[in-house]
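**Student:** Residue strings, one per chain:
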Amino acid sequence: MDLDITNPLSDPVLEIAGLNLYYGASPALRDIALSIPRKQVTAFIGPSGCGKSTLLRCFNRMNDLLDNVRIEGSIKLDGDEITSPALDVISLRRRVGMVFQQSNPFPKSIYENIVYGLRIAGVNDKKTLDETVERSLKGAAIWDEVKDRLQDSALGLSGGQAQRICIARAIAVNPEIILMDEPCSALDPIATAKIEELINELKDLYTVVIVTHNMQQAARVSDYTAFLYLGELVEYGETKKIFTNPDNRHTEDYITGRFG
Amino acid sequence: MEREHIIKQYDAELNEIRTLLLEMGGKVEAMISNSIKSLVDRDSQLAERTILSDHEINHLEVVIDEKCLEVLARRQPAARDLRFITLALKIVTDLERIGDQCGSICSRVKELNEEPPLKPYIDLPRLAEFTSRMVQESLDAFVRGDEQLAIRVCENDQFVDDLNVQIQRELLTFMMEDPSSISRALRLNYISKYLERIADHATNVAEMVIFMVKGKDIRHTTFS
Chain A
1 MDLDITNPLS DPVLEIAGLN LYYGASPALR DIALSIPRKQ VTAFIGPSGC GKSTLLRCFN
61 RMNDLLDNVR IEGSIKLDGD EITSPALDVI SLRRRVGMVF QQSNPFPKSI YENIVYGLRI
121 AGVNDKKTLD ETVERSLKGA AIWDEVKDRL QDSALGLSGG QAQRICIARA IAVNPEIILM
181 DEPCSALDPI ATAKIEELIN ELKDLYTVVI VTHNMQQAAR VSDYTAFLYL GELVEYGETK
241 KIFTNPDNRH TEDYITGRFG
Chain B
1001 MEREHIIKQY DAELNEIRTL LLEMGGKVEA MISNSIKSLV DRDSQLAERT ILSDHEINHL
1061 EVVIDEKCLE VLARRQPAAR DLRFITLALK IVTDLERIGD QCGSICSRVK ELNEEPPLKP
1121 YIDLPRLAEF TSRMVQESLD AFVRGDEQLA IRVCENDQFV DDLNVQIQRE LLTFMMEDPS
1181 SISRALRLNY ISKYLERIAD HATNVAEMVI FMVKGKDIRH TTFS
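Protein chains in written order, with this note's numbering: chain A, 1 to 260; chain B, 1001 to 1224.
Please keep in mind that the hints were generated in silico from the structure rather than gathered at the bench. Misleading hints may appear alongside valid ones.
Which chain B residues face chain A? A few, computed with CB under 10 angstroms, are given here [stated by the list, open to error]:
id : residue
1  : 1002
2  : 1003
3  : 1004
4  : 1005
5  : 1006
6  : 1010
7  : 1067
8  : 1073
9  : 1074
10 : 1075
11 : 1076
12 : 1078
13 : 1081
14 : 1082
15 : 1214
16 : 1215
As the structure is a computational prediction, the values presented were derived from the model and not from experiment. In this text, a Cβ means the ideal position worked out from N, Cα and C, and glycines have one as well.
In isolation and in its complexed conformation, chain B is listed as follows (with noise of 0.2 angstroms):
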């Protein structure tokens, strides 16, 4: 149980940006979610929906942001207090840019359904559920301050590149057989790209997490 602060209301500041973290990350969850339906149920209206909602992704990392900078200049934090708040300042970062990978998804979408469907869409929800999930354990962990589960998600990024570049190597073959193919294809490999730049964020911020925790910064070495 971590301990609290003399000054009750520096707590209270600290509290208010993980939960406006954690209301980010649960809009940016439904991002994805929806995008991926609105894909396979092929609803328009619903990828609208969704690119409209990104501006509430984009207006709390605002809020986050400056409420960091508050934090900074008048707590001057320490130690894991600093990490959290620089870890935050770029979690949100992420975040966002997140909601904009959705964003586009959702534009490819719309573009697909003024088409006939190219083929079922089996590797891509699976593929969409899987970057979904590796936001939410990434945010899980970041709330937890859980190292192992951190390490977990990292170590799934390596899934999602081998199932993106199995996706498009799928849709070059339908491209080859058929140039009519090509636009809706193109497309679609758009959208697995999308995904696994998400699943890039996803592992960006688990190791912000392992940062925040341990103190070790473990980006751009290797796991073992």
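Isolated chain A, as found in the complex (with noise of 0.2 angstroms):
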């Protein structure tokens, strides 16, 4: 495909061609094909065990720790298929990290949670780690608030700061993707904002996917949606076309509340 510069979809990150995921005998996710724009935000929304979080957990093999599911299909991440059984999936999640629902900070200091995808890498240079964990911080718009307790225990921070050490801690790695599954549904509509504002901030230099239940929080972050239902891709375009002239019923009646 050209490149476009005017239409992001020319230059994805990840493609996903004729993708079938089946929990033992049953199928939840049907033939998914989409493309993730680079550097943008996408948005998967859809009433609840539609496979959003499945779909998501494809991209970094979350669901490699699930017995009896199976795969069938295409995912590419530039262009390298990551479905391969032969695949290391250790160097994969370290090109696509991921912020999960319930932030899960170890228990150990701000400054260790940060530096700890390095030293399990072999890193141990001060100098190093010092300014990942500077950036890292800065980066998740956190680095005012904890700069000065840097040794503290991350596990003393309230819930909307340690998701936001949970995404410093997924950015130290310099991933090209960063996976969020429901990041704000534990957080007050202020943490929430801060999540929201951070995530507008990292498509600079990252491609953002998120699951949200959260329809309105789909429309505000994201520049692309993708609407799933029964496990199949019922829409799939620009998020301002989404939610103000979509082309599926289906997808009307689900934005507009009419079911879910």
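Could you use the hints to bring the two separately framed chains together as a complex?
**Tutor:** If you want it as structure tokens, here you go:
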């Protein structure tokens, strides 16, 4: 495909084609095909059980942790097939970071939380670690709040702060993509607003894919929106179109609160 | 049949706005018909009553605006609900302006009635009737979400424009033949122009209905 700078979809970082996923015998994703544009925010929306989190977890092979999961089809990260069993999952997860619904800081200092990824990769140079901590905490918009207590335990932070620490930990290893699975659903509105503002800043450097139950949040933060229903991709397009004039009646009924 | 919202109160709020818009539309139609009746019957009292009734339309404009803002703030409408609310906010402005135009017609009628009639009115009532029907049909199109009817309203605007030009030309000949007719002819000229403006407002409403139904903005385009 030719690169067209006016159309981010012409430069996808992830290309998904013919993706089917089964939990045992029951299909959870059916024939999914979509391209995730680089350095844009893409939101997955849909009612509970529609497969949006399952799809997100395919992008860094989190579904490998579950028994009885079978995947068919193709997911390419910058042209590299990532569904292959031979793939080094650790290096994949360095390229594709993840932030979860419940913030999960490690029971360590704020500093050690951020440098964890570097340490397990064998990096112990203090200058590099210090720089990474500052860059990541600034990138996650929490540097000013914690810079004077980097050696304090990360478990003492508020929910919103802990979530930004997790985002900082994810960007410390310079991933290409950050996956967010309901990152704000356990946060109050102010902490949510801070994360949403942060998501907007993150796309200068990273591709963000976010799963959210909050349709207004998808409308606010994303550039592209995919609506999934019963394991199928019903509609995918620019967020401004999906929320003002979607093509599909199911999409319209869902985003206007007529079913869900 | 449109599916209902999970939150029933949301449906009730949207329906209330729809009902208020229709009430406003009905009052506007009555104003048009009364203003032209006051012209034909030379009824200054009816003209005065019609002018006074404009405050009801102004009041409805304020009420509908408030309800729309409340729904925007509380429900964050999306897609066709969002298009409906933005449409309602714009329709009330057009309807309110139609009310103002009717008030202006009635003011000219009161002035005209202080002098003997210039001529029997044939084309002006025709213009008024046609214009009134456009307003009515644009609102019907809105209620029923009838895109075809809305397109017809837009197309009819040309007929109104042409008839207005014809009336103005005829009045010009009166003025040229008899300068003492100028003040009356000018007032009739104004009335014709007011009716033509009313048809433009009806056309605006119809264009917005097409936007609501199809999500496609056809303003500032031509029909082929």
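**Student:** Holds or violated: is there a CB of chain A closer than 10 angstroms to the CB of residue 1081 of chain B?
**Tutor:** holds, 5 angstroms
**Student:** Given residue 1006 of chain B as an interface hint, is its Cβ closer than 10 angstroms to any Cβ of chain A?
**Tutor:** Interface hint status for residue 1006 of chain B: holds (6 angstroms vs cutoff 10 angstroms).
**Student:** Can the hint on residue 1073 of chain B be confirmed by a CB-to-CB distance to chain A that is less than 10 angstroms?
**Tutor:** Where the cut-off is 10 angstroms and the nearest Cβ of chain A is about 12 angstroms from residue 1073 of chain B, the hint is violated.
**Student:** Under the criterion of a CB-CB separation shorter than 10 angstroms, is residue 1004 of chain B in contact with chain A as hinted?
**Tutor:** For residue 1004 of chain B, the interface hint holds, since the closest Cβ of chain A sits about 7 angstroms away, which is under 10 angstroms.
**Student:** Using 10 angstroms as the Cβ threshold, decide whether residue 1078 of chain B counts as touching chain A.
**Tutor:** Where the cut-off is 10 angstroms and the nearest Cβ of chain A is about 5 angstroms from residue 1078 of chain B, the hint holds.
**Student:** The hint names residue 1067 of chain B as touching chain A; please verify it with the least Cβ-Cβ distance against 10 angstroms.
**Tutor:** violated, 18 angstroms
**Student:** Identify whether the interface hint at residue 1082 of chain B stands, where standing means a beta carbon of chain A within less than 10 angstroms of its own.
**Tutor:** holds, 6 angstroms
**Student:** Closer than 10 angstroms between Cβ atoms is the bar; does residue 1005 of chain B clear it against chain A? Give me holds or violated.
**Tutor:** With a minimum Cβ separation of about 5 angstroms from chain A (threshold 10 angstroms), the hint on residue 1005 of chain B holds.
**Student:** Against chain A, run the beta carbon of residue 1010 of chain B and see if the smallest gap drops under 10 angstroms.
**Tutor:** Hint on residue 1010 of chain B: holds, closest Cβ of chain A at ~7 angstroms, below 10 angstroms.
**Student:** Taking the closest Cβ pair, is residue 1214 of chain B under 10 angstroms from chain A?
**Tutor:** holds, 9 angstroms
**Student:** Against chain A, run the beta carbon of residue 1215 of chain B and see if the smallest gap drops under 10 angstroms.
**Tutor:** holds, 3 angstroms
**Student:** Quick check on residue 1075 of chain B please, does its C-beta sit within 10 angstroms of some C-beta on chain A?
**Tutor:** holds, 8 angstroms
Going through the hint list in order, the structure does not satisfy hints 7, 8 and 9.
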